[in-house]
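Since the structure of chain A is provided, determine the placement of chain B on it from the hints.
Line by line, the protein sequences give chains A and B.
Position in the first sequence (first residue = 1) + 112 = our numbering.
Position in the second sequence (first residue = 1) + 297 = our numbering.
I should point out that these hints are in silico values taken from the structure, not numbers from a laboratory.
Incorrect hints may appear among the rest.
[What the hints assert, rightly or not] Partial selection, computed: residues in chain B whose CB lies under 7 Å from chain A:
1. Glu771
2. Ile772
3. Ile773
4. Lys783
5. Leu784
6. Leu787
7. Leu788
8. Pro793
9. Pro797
10. Ile802
11. Met803
[What the hints assert, rightly or not] Here are the simulated DSSO-like cross-link-like pairs (lysine-lysine), alpha carbons at most 27 Å apart as the crow flies:
12. B/Lys782 / A/Lys218
13. B/Lys604 / B/Lys549
14. A/Lys149 / A/Lys459
15. B/Lys767 / A/Lys218
16. B/Lys801 / A/Lys136
Glycine included, each C-beta is placed from N, C-alpha and C at the ideal position.
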Amino acid sequence: MKDAEATKERLLGLAETLYDQFQKGIVPHLALPSRTKSNLEYDQEGEVWVYGDQESVRSVKTVRGAKSVLKTSYLVELLIKEHLLQNRGSTLREIYYISENWDVAKFGEQAESDRLVEDLEILTALLREDFHVRPEEDGATVFGPLTISEKTRRGERTIHCQEDVGEAGYQIPFNVDNVEFKDHDAKFVVAIETGGMHARLIENGFDQEHNAILVHLKGQPARSTRRLIKRLNEELNLPVLVFTDGDPWSYRIFASVAYGAIKSAYLSDYLVTPSAQFLGVQPTDIVNYDLSTDKLTDQDLQALRSELADPRFATDYWKEQIQLQIKLMKKAEQQAFAGKGLDFVTKTYLPERLSEMGMI
Amino acid sequence: MEIAEELAKHQKAISVAEFFEKNRQILGFDSAPRALITTVKEAVDNSLDACEESDILPDIFVQIIRRGEGFRVVVEDNGPGIVGSEVPRVFAKLLYGSRFHALKQSRGQQGIGISAGVLYSQLTTGRPTAVTTKIGPNHKAGRWELMINTATNEPEILNAGESDWDRPHGTRVELEMEGSYVRSRRQSIYGYLKNVAIVNPHARITLVEPDGNVETFERATDKMPRPSYEIKPHPWGMELGGLIKMLRYTDKKKLKSFLSGSFSSVGAIISQEICEQAELDPEIVPQEITHAEATRLLAAFKAMRLKSPPTDCLSAIGEELIRAGLEKEYRVDYIATTTRPVSVYSGNPFQVEVGLAYGGELKADGKVEVLRFANRVPLLYQQGGCAITHAIENISWKTYSLSQPGGGVPTGPVALIVHVASTNIPFTSESKDAVADVPEIVSEVELGMKEVGRKLRRYLSKKNALSERKEKEEIIRKLLPRISKKLAELLEREEPDINPVVAKIMGNLLVKRSIVSENGEAFVTLEVANYGDAARAFKLHETVSVEAGSIEPAARVIALGDGYDHLWKVTLRPGERQMIRYTVPSEGVSFSEPVVEGIPSELVSGARAVG
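Chain A with its partners taken away, still in its complex shape (with noise of 0.2 Å):
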C-alpha cells in the first residue's frame, strides 16, 4: 500500500508520459500486457501464473486508440483531484457513473470503466485499493479463533471473530491491508464456496471442535477475500484448504485462490495461495460416499475438458479427478452430505479427508 503523495506522483508520471510523447513528436501510445490464457506464464519463483512478454499497445492512431487515452486522462484526473487529493474514494460503479460528465470520454458500460481502473493498476503497478477505489460489493465472511484490528474511519477496533461477532461473522473490508492480525489459535484455514455449508459448519461448531479459521468465499472470490486468505496462509502460516462443489465451475473457483486468474494475473503475488490445497467435493467423494448427483450438462462437460487443457490444471491429481468426473458423468454439490444426515460433513467426512490430508 502506498501513500497518497507516491500514488500521485505515479499517476501523474503515466500523465508525463503522454506528455513527452507529444512534444518529441512520437504519437502517443500506451504499452500493455495481453491479458489472454496464451499470454499466461508460470512463474518458478512465486510459484503462481503471471503475464508472458505479450503486449497490446494503445495508440491515439486510430479512434478507439485515442479515446481510450483520453478516458485514460479523465480517470487519472479524477483519482487525483477527486480520490487522493480530498482522501475520498468511489466505487467502480460511481466511477462509472462520474464519466456521465466527461462527454466523448464516457464509458459505454462499466465493464470498460472496471477494466481501466484494472488497466490503471498494470501501469502504475498499483492496485485500486491506492487510488481509494472500491468494488461495490465487500468481501465474505470471516468466523473462527482470530483477533484482528481493523482500521476504520472512526478509530481502531480490535475483533474476536467468534466471540465479538454475530452468526454471520466478521465482514472482510474492501481494503484488507487495512486490517492487522493480532492473535489466533486456529490450525487451518476452511474456504467454503456456499453460505449454507459455511452455516452448517459454524452451527456444528466446527471451527471450534478443529481450531479452524472458516472463510466464506461467496462464489467465485472477491479480490479482498483473497488477499486476506493470502495473508493467513503468509503471515500465520497457516495451510488453507478450499471446499467447494463438485463441479467444473467450483474446481476454478478453487483455481483463482491458489493459482490465480487469467483477468488479473498481474496481480499474482498480490492475491495468491499457492500452497492451497483442494479438500472436496472430489469426484472420488461422489464414489465412496455414494452421494445423491446431478447429471453433467454438456456445459459441465466443455468446462471439464477446457480444464484438461488449462495449464492451471496440469497436475496428475487434477488429471485423475477430473477424468474420473467424465467417465462418472456426475456431479455433486457440497449440500448432498445433508442426505446422510445433518452431522455427517463435520462428524465424519471432514474428520476423514482431513486426516488423510494430514491435517489432524
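Just chain B now, with coordinates in the frame of chain A:
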C-alpha cells in the same frame, strides 16, 4: 408370323398425353408449385415476345385465383393479338410455333410452351383453356374454349365466338389446374416476375396473388429493347440431320447457290471452295445429294476458314437498362455493369452481360444472390449445374474484396446478374433450367465477372479510404486537442504542440519553428518533414519583420512594405525532413505563421497553406 410382324402389333404412336406424362420433368411440370410457375412463365414469355415483335411496350397482367383445390391462372397482355384461324393451333397443339426453325434470339424456342400448360390443365382438372384475343380496335374480340385431343395432338374447339373486350388489342388466356402457390421463395411466381422485371425494364407487370395482394413491377424505361434479327445458320453450327433437311427442302436448284443462299458467312467464292473441299459438283441439284455426300459436305464446313456469324442479330439489354432494372427492384449502395462484346461458339453468336449490386438492403451474411438469365428469361432451377454458376465459382473473389469461404459462390451483400443472349442457348436439358458448360460461354462470363469485380474493388477501396480519412479527422479535431488539454491541466503545464503528431497521423507535411536565443541573437530552425507517402514539392515562405542573417540553405529574400519574405523551394521525398536555419536579433522581431505554397491545406500541419 414373322418376328417383325409380331413386334409391329405392339408398335403404335404414343399419345401426347403419354408423351407429357413421361416428360413432365423436362417440360417443367414435375411439382405442384412448379407447374404454376411454368405456366405463368410460358404465357409471359409469349406475351413479351409478341409485344417486342410488334414494337409495343408490354403491359402484362397476371392473376392467380384459388378455385377449390386448384387454381385459375390468368395472363393478359396488350400484344398484337392472334389471328383467329391460328388460335387453336397456337394453344392446343404441341410443337407448333413460329420460332421452331428460326435462328433468332427469342424467349421461346421449341413451341412446347403454353400448349404444355393447356395439356396439364386438362389432365389435372378436365377443364378447357379459354383464350380471348383481339387484333385491333376495329375488330371484335374472339373467344375460344380449347382442349388438346391427346390421341392426335390436334386442337379441339369446345366453344368459339365473339366477345366484348375493352382492350384495343391483346390476348388473354385462362387455365385451370392443380398446383400450389408459394410466395416467399425465389422459386415462386412472385420471384420469377420480379426477375423478369429486372431484365425487361420496358415492361409493366402486375401480379394479383390468390389472397388479393397486388404487386406491380413498374416500367423503368419507355425504350424498347433493340430488336433481334433472324440470321441464317453458320456452317460451323450445323449438324448432319439439319443439313440433310435443309438440302431436301431448299428451293435452290444448284448446290453452290444453296450454299451461298442458305448460310451466313458463305458467299460465291467460299461456296466454290466448299464444293472443291467436299469433292462435289457445284452444279448438282441439292435434293440429289446422298447421305455420304452430305457427310463430306459437313466435314468441308468444319475445315473452312470462315468469317464469324453476324453479331448484330442479338439484342443486349444494355448496361444502362440493367442498371435501371436493378435500381427499381433493389435498394442498393452501388451498381456495376458490363456488356461483353459478341462472341461465337460452334457458329452461334452469343453475348454476355453482367450486373453487380452491392450493399443497401442486400444481406451481408450468406452467399451472394445469383440471378441467371438466358435471352431475358430468368433461370430459377438447377443453379448448381449451370455454366453461369460455374464461372462465378471459378473466380477468386478475394481479389475483388469479397470473401469466398471454402471456394464456390462468394459471400457478401451482393446480387450478381448474368444475362446470356444467343440465337441458340445451349441448355443442359429440355427443361431449359441451366446453361451448358460451353468453354466460350464460361470464359465470357468469367471476364464479365472480373470486370464488375474490379469496379467493386475500386468502389470499396474508395469508400474505405474515405471512412479512414473521416476517422482520422475525428481523432485530430475532437480527441487529440482534448487529450493535450487534459494532460496540460493535470501537469499544470503549457498545452503541448500537437502538430507533429497530427502530421504523423494524417501523413501530412509538417512545418515546425523553434527558436533558441543566445547573446542577443535568436537562432531560428524551421523543420520541414514529409510524413506522407508521396513526394512533395512546394515553396516555403517565412515572413519576418527584419531581414534574416546566416540563412542556410540560401533563400530568396523579398522586401515587403513592413518586413521581409524569405522564400525557399523545397522538395521532400516520403519520410524525408530538412532543417532550415537563420538568425535574427532576439529582441523586437515579429514573425508570421510560416506559409506553404503549392500543397492543399488539409495536407499541411504547422503552417498556413496557400494555393
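The hints, checked one at a time:
Given hint, B/Glu771 at the interface with chain A, holds; its Cβ is 6 Å from that chain's nearest Cβ, closer than 7 Å. The interface hint given for B/Ile772 is met, as the beta carbon of that residue sits about 5 Å from the closest beta carbon of chain A, less than 7 Å. Taking 7 Å as the C-beta contact cut-off toward chain A, the hint placing B/Ile773 at the interface is violated, the least distance being around 9 Å. Because the closest C-beta pair between B/Lys783 and chain A is about 4 Å apart, less than 7 Å, the hint holds.
Taking 7 Å as the C-beta contact cut-off toward chain A, the hint placing B/Leu784 at the interface holds, the least distance being around 5 Å. With 7 Å as the threshold, the beta carbon of B/Leu787 comes within range of chain A, its nearest partner Cβ sitting at about 5 Å, so the hint holds. Hint status for B/Leu788: holds, given a least beta-carbon distance of 6 Å to chain A, under 7 Å. Interface hint status for B/Pro793: upheld, as the beta-carbon distance to the closest one in chain A is roughly 4 Å, under 7 Å.
Hint status for B/Pro797: holds, given a least beta-carbon distance of 3 Å to chain A, under 7 Å. This hint holds: B/Ile802 has a C-beta 6 Å from the nearest C-beta of chain A, less than the 7 Å allowed. Of the supplied interface hints, the one on B/Met803 is violated, with its beta-carbon coming no nearer than about 10 Å to a beta-carbon of chain A, more than 7 Å. Simply put, B/Lys782 and A/Lys218 have alpha-carbon atoms about 17 Å apart, close enough for the 27 Å limit, and the pair holds.
A C-alpha spacing of about 23 Å is found between B/Lys604 and B/Lys549, which places the hinted pair at or below 27 Å, so the restraint holds. Restraint check: the Cα-Cα separation between A/Lys149 and A/Lys459 comes to about 41 Å, which exceeds 27 Å; the hinted pair is violated. Our distance criterion of 27 Å between C-alpha atoms is met by B/Lys767 and A/Lys218, whose separation comes to about 21 Å. For a cut-off of 27 Å, the pair hint linking B/Lys801 to A/Lys136 stands: about 12 Å separates their Cα positions.
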